[in-house]
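Top line first, the protein sequences correspond to chains C and Z.
Counting from 1, one number per residue, gives the positions in the first sequence under my numbering.
Counting from 1001, one number per residue, gives the positions in the second sequence under my numbering.
Some clues are possibly wrong.
[Claimed, not checked] Calculated pairs, EDC-like style, for lysine to aspartate or glutamate (alpha carbon to alpha carbon, straight line, at most 20 Å):
1. C:Lys54 with C:Asp25
2. C:Lys54 with Z:Asp1068
3. C:Lys54 with Z:Asp1072
Honestly, the hints are just simulated from the structure, not real lab data.
No experiment lies behind these values; they were computed from the predicted model shown.
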Amino acid sequence: MPATTTFNDAELRVVRLLLHRLFVDHVDAVYNVAYRVTWDRGDAEDVVQSTFLKGALRHAQLDDGNRERPWILQVAYREAIAVLRRRREVPTDPDVMPERVCIELAPDEALVSAELARVIGQALAGMDSTERLAVVLRDVEGLSMRELAEVMALGLSAAKMRVHRGRDSLRRLLESEGVVGAV
Amino acid sequence: MRCEDLADQLTAFLEGELDPQLETAAIDHIAECAACDRVLSATRDTARLMADHGRPVLDDHDRNRMLDALLDGLGS
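Construct all of the structure, not just a fragment, from the sequences and the given hints.
Put into structure tokens, the structure is as follows:
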């Protein structure tokens, strides 16, 4: 993504430092949002790129540093939606893009973790897209309801309803897989 | 409180947003209703699973590659 602003050397050093810091602090959350919206690793990486570039260039507009996480996730969400609009496709089957195993785990733990991640990924793919993102933002990224509403450009009541329905939908899907709710 | 009332209020209950009277009614209902207790447990388990396994895995190679591309794109 080409920069639309030219910098002198000093300004470029500042922007690079900011970009690096934003990336280290938020890449996992940004990639999560990007992937759960686009369901494509390549597109998700494109969203990561554009999100952090825009974030670095617009950071001066953020007036409260405590809100940096929901702010950058709002950028990521908008970038991901823009990708979907350009692509005009339905989310692809996550089975063709297997989740990678965390190599730091012991072998048995890695297998369990990978299987859980796969089942959760499949369940998420079967959900309404806004309910899915609401649950991801609340239960994975830990955003408050108010922050979630802001990221998704929803009223607070609508955001809470998305989380409520999303959790219910996901619970039912995971119950059908025998992952939760064993009697 | 009926089962369908708790179902409607489940998220508010889990988020700690019910007023004290409703929260007490919910707790009393869950204590007496095995089905609702199972739904509550399963919903909590779902949230825990999401927190532990809900992110697609990114390894250090992926992160470094994306960061390098970002910094290269910005120029030196």
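- Numbers of the earlier hints that this structure fails to satisfy, in rising order: none
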